[in-house]
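Once you have looked at the hints, place chain W on chain G.
Protein chains: 2
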Amino acid sequence: MRTLVLGGDGYLGWPTALHLAAAGHDVAVADNFVRRQYDHELGVQSLVPIEPLQVRLDVWQEVGSNPVRAYIGDLTDPEYTYEMIREFRPDAVVHFAEQRAAPYSMIDRKHAVYTQQNNVVGTLNVLYAIAEIDRDIHLVKLGTMGEYGTPNIDIEEGWIEITHKGRTDRMLYPKKPGSFYHLSKVHDSHNIEFACRIWGIRSTDLNQGVVYGQQTPQTALDDRLLTRLDYDHVFGTVLNRFVIQAVLGHPLTVYGSGGQTRGFIDIRDTAECIRLAAENPPEPGEFRVFNQMTESFSVAELAKTVADAYSKPVEIEYLENPRVEADSHYYNVVHTGLPELGLEPHLLSDTLIESMFEIVERHKDRVDLASMRPTVQWRSTSSPIRND
Amino acid sequence: MRTLVLGGDGYLGWPTALHLAAAGHDVAVADNFVRRQYDHELGVQSLVPIEPLQVRLDVWQEVGSNPVRAYIGDLTDPEYTYEMIREFRPDAVVHFAEQRAAPYSMIDRKHAVYTQQNNVVGTLNVLYAIAEIDRDIHLVKLGTMGEYGTPNIDIEEGWIEITHKGRTDRMLYPKKPGSFYHLSKVHDSHNIEFACRIWGIRSTDLNQGVVYGQQTPQTALDDRLLTRLDYDHVFGTVLNRFVIQAVLGHPLTVYGSGGQTRGFIDIRDTAECIRLAAENPPEPGEFRVFNQMTESFSVAELAKTVADAYSKPVEIEYLENPRVEADSHYYNVVHTGLPELGLEPHLLSDTLIESMFEIVERHKDRVDLASMRPTVQWRSTSSPIRND
Numbered sequence: 001m002r003t004l005v006l007g008g009d010g011y012l013g014w015p016t017a018l019h020l021a022a023a024g025h026d027v028a029v030a031d032n033f034v035r036r037q038y039d040h041e042l043g044v045q046s047l048v049p050i051e052p053l054q055v056r057l058d059v060w061q062e063v064g065s066n067p068v069r070a071y072i073g074d075l076t077d078p079e080y081t082y083e084m085i086r087e088f089r090p091d092a093v094v095h096f097a098e099q100r101a102a103p104y105s106m107i108d109r110k111h112a113v114y115t116q117q118n119n120v121v122g123t124l125n126v127l128y129a130i131a132e133i134d135r136d137i138h139l140v141k142l143g144t145m146g147e148y149g150t151p152n153i154d155i156e157e158g159w160i161e162i163t164h165k166g167r168t169d170r171m172l173y174p175k176k177p178g179s180f181y182h183l184s185k186v187h188d189s190h191n192i193e194f195a196c197r198i199w200g201i202r203s204t205d206l207n208q209g210v211v212y213g214q215q216t217p218q219t220a221l222d223d224r225l226l227t228r229l230d231y232d233h234v235f236g237t238v239l240n241r242f243v244i245q246a247v248l249g250h251p252l253t254v255y256g257s258g259g260q261t262r263g264f265i266d267i268r269d270t271a272e273c274i275r276l277a278a279e280n281p282p283e284p285g286e287f288r289v290f291n292q293m294t295e296s297f298s299v300a301e302l303a304k305t306v307a308d309a310y311s312k313p314v315e316i317e318y319l320e321n322p323r324v325e326a327d328s329h330y331y332n333v334v335h336t337g338l339p340e341l342g343l344e345p346h347l348l349s350d351t352l353i354e355s356m357f358e359i360v361e362r363h364k365d366r367v368d369l370a371s372m373r374p375t376v377q378w379r380s381t382s383s384p385i386r387n388d
Numbered sequence: 001m002r003t004l005v006l007g008g009d010g011y012l013g014w015p016t017a018l019h020l021a022a023a024g025h026d027v028a029v030a031d032n033f034v035r036r037q038y039d040h041e042l043g044v045q046s047l048v049p050i051e052p053l054q055v056r057l058d059v060w061q062e063v064g065s066n067p068v069r070a071y072i073g074d075l076t077d078p079e080y081t082y083e084m085i086r087e088f089r090p091d092a093v094v095h096f097a098e099q100r101a102a103p104y105s106m107i108d109r110k111h112a113v114y115t116q117q118n119n120v121v122g123t124l125n126v127l128y129a130i131a132e133i134d135r136d137i138h139l140v141k142l143g144t145m146g147e148y149g150t151p152n153i154d155i156e157e158g159w160i161e162i163t164h165k166g167r168t169d170r171m172l173y174p175k176k177p178g179s180f181y182h183l184s185k186v187h188d189s190h191n192i193e194f195a196c197r198i199w200g201i202r203s204t205d206l207n208q209g210v211v212y213g214q215q216t217p218q219t220a221l222d223d224r225l226l227t228r229l230d231y232d233h234v235f236g237t238v239l240n241r242f243v244i245q246a247v248l249g250h251p252l253t254v255y256g257s258g259g260q261t262r263g264f265i266d267i268r269d270t271a272e273c274i275r276l277a278a279e280n281p282p283e284p285g286e287f288r289v290f291n292q293m294t295e296s297f298s299v300a301e302l303a304k305t306v307a308d309a310y311s312k313p314v315e316i317e318y319l320e321n322p323r324v325e326a327d328s329h330y331y332n333v334v335h336t337g338l339p340e341l342g343l344e345p346h347l348l349s350d351t352l353i354e355s356m357f358e359i360v361e362r363h364k365d366r367v368d369l370a371s372m373r374p375t376v377q378w379r380s381t382s383s384p385i386r387n388d
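Residue numbers (my numbering), protein chains in the order written: chain G, 1 to 388; chain W, 1 to 388.
Just chain G, same shape as in the assembly (with noise of 0.2 Å):
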């Protein structure tokens, strides 16, 4: 099948376009190398030296099983996705193309209206170009676990029947996400189930835990397949950022009490349900929604759990939490979609941990101790980016 990765210079749109290219898909990534930019802007850098997007192409075409092809240009110019989406002709676009950190769209006003713009324009072009080119492209959607919030009932995927006053309906679950990054993805949740519903149009909306890991089987055979690993305070996400604190000698920083607690998922299980999602199609018209995660932890018990596996004694730290957001609440989620269409997830262990801090101590000395520390805050309109 022909699959276009969207946003396939990323973090995670990279292995997936691998993974599906060695699962055997025809596959093209787009890519606009915002995120690259967006180093540059904060300062920061990958752990894992990242080579460009032609480099990456050129070696796995030497040493993978499946050339992939790319189209540079940016979602929000209509032209550029039409003629993308006409030539290439995909059964599925997966699309990992969005502004994705939370902390980023809390800057200021600025970067709140670009992450919105960005995503849900992004999104809304995609979507009209499935609907005037061809209604049959499945469109696997990227949203996040964090579109829930933390309600005090059991999250379910995506809708939740309803019986209120003696009547009953099967309804879109109400949503109370936590920053303006996560109300984009609301935003495209609701923009995509309408075109299910006025057009036919077939998608899969994946509401992603927090993703940890670094190599995949594919990234792993050359070191310039590597894919990016984040632990600044604005792109980087808590596990990887307290692997390498746990390796630099440093205390792991819990913001809060670290009750909040989190759905979390393997870098290889989320190029695997992606792989599930685009080969097993929904019906015309249908927008079908998984819960993309394999377990839940709190941030203290990730916390724990990294300073129990690492050979060295490890400090936890309290620092305040710079987010509003309840650290002490019921979270139980439903997320029995992808495993029934056969995903056998890895789970969080000591040896993937281990696996994680060899790949650190590999790379320590590029650590930039000032990009850990949380400067934005989210009871202000305009914060820092840097705490040096």
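In short, the hints are calculated from the structure, not lab data.
Please note that the accuracy of each hint is not assured.
Here are some of the chain W residues that sit facing chain G, going by a computed Cβ distance under 10 Å [said to hold, decoys possible]:
| hint | residue |
| --- | --- |
| 1 | Q45 |
| 2 | E157 |
| 3 | I160 |
| 4 | H164 |
| 5 | L172 |
| 6 | S179 |
| 7 | H182 |
| 8 | N191 |
| 9 | F194 |
| 10 | I198 |
Note that the structure is predicted; figures quoted are calculated from it, not measured.
Glycine included, each C-beta is placed from N, C-alpha and C at the ideal position.
Below, chain W alone, put in the same frame as chain G:
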């Protein structure tokens, strides 16, 4: 109190501004005149001729009780928005300033993107301006009953208590809107609820029904104070259109079977609801939602009411529905919040319809028949805007 009416040159913004001024508020209006621009784009006009804003303001200064001033500019321009709010320092911001026609948003990709970008970014700028300048300012935001769609359970006022698998939470009411315009309002509501939560802003979200009527006690003081009356297929609302069709001796055009049931409200009640909301602000941090409608009717019932009230025989014609919507469904709306604040609704009655017949009779030579037939098709991605 000081009240800033965004979109104060529009169909409802203008009479609301005068109603508030007459009630003793110190009022300013803001507008960028884009509503007048849409008329030129679509080649349509208000049935009732309207004066330029400056003339309206001058006449009101002569005949009204309390002068109204104006800020001319675009809310998507943050400098304009911040400066206006900093200078006027309102107690309440009443926000009508959005592209408000579902068919306009469904013309094609460009109009869908424009609608969402304009509405969402304008509202984000207002939220940031309030958060930066004075978090006590009460944002009174116009939403629409169309955000809810037609669920099979009662429509509550913005929030719903959900019991699920033995646990309970109070959650945002799940929405299933019927156009990219309606979706933009859903996006706004989510953004505003979040701003209340993180910044302690207070907001009232008014999910308004379909408005009918054209005169208020203030606009009746002088013909140069009249507000617009739209009847074209893009900006015209259903009751206004039926009254015009009746007066012209044309059949009333019902889309589909006419079983679509909607909430309605008299233009005078709209203005009064805004006053009640503004003068009774919610607590800091509260996202309060009211369903701003007074009665529900099916489109077929409305047509029959108009036909029965008119002095001459009236035919009813059923057209294919250009929209994607259920035309036979449950519809029961809770709308007690505004009556509890003191709203005494005008009900749709023969009297009201007769007063509208009069206005239309006076201006019937201005009717452009071609502008009344629907051309915008929900299932299409590119519709013509005229039916000549």
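- Enumerated hints in conflict with the structure, sorted upward: 1, 2
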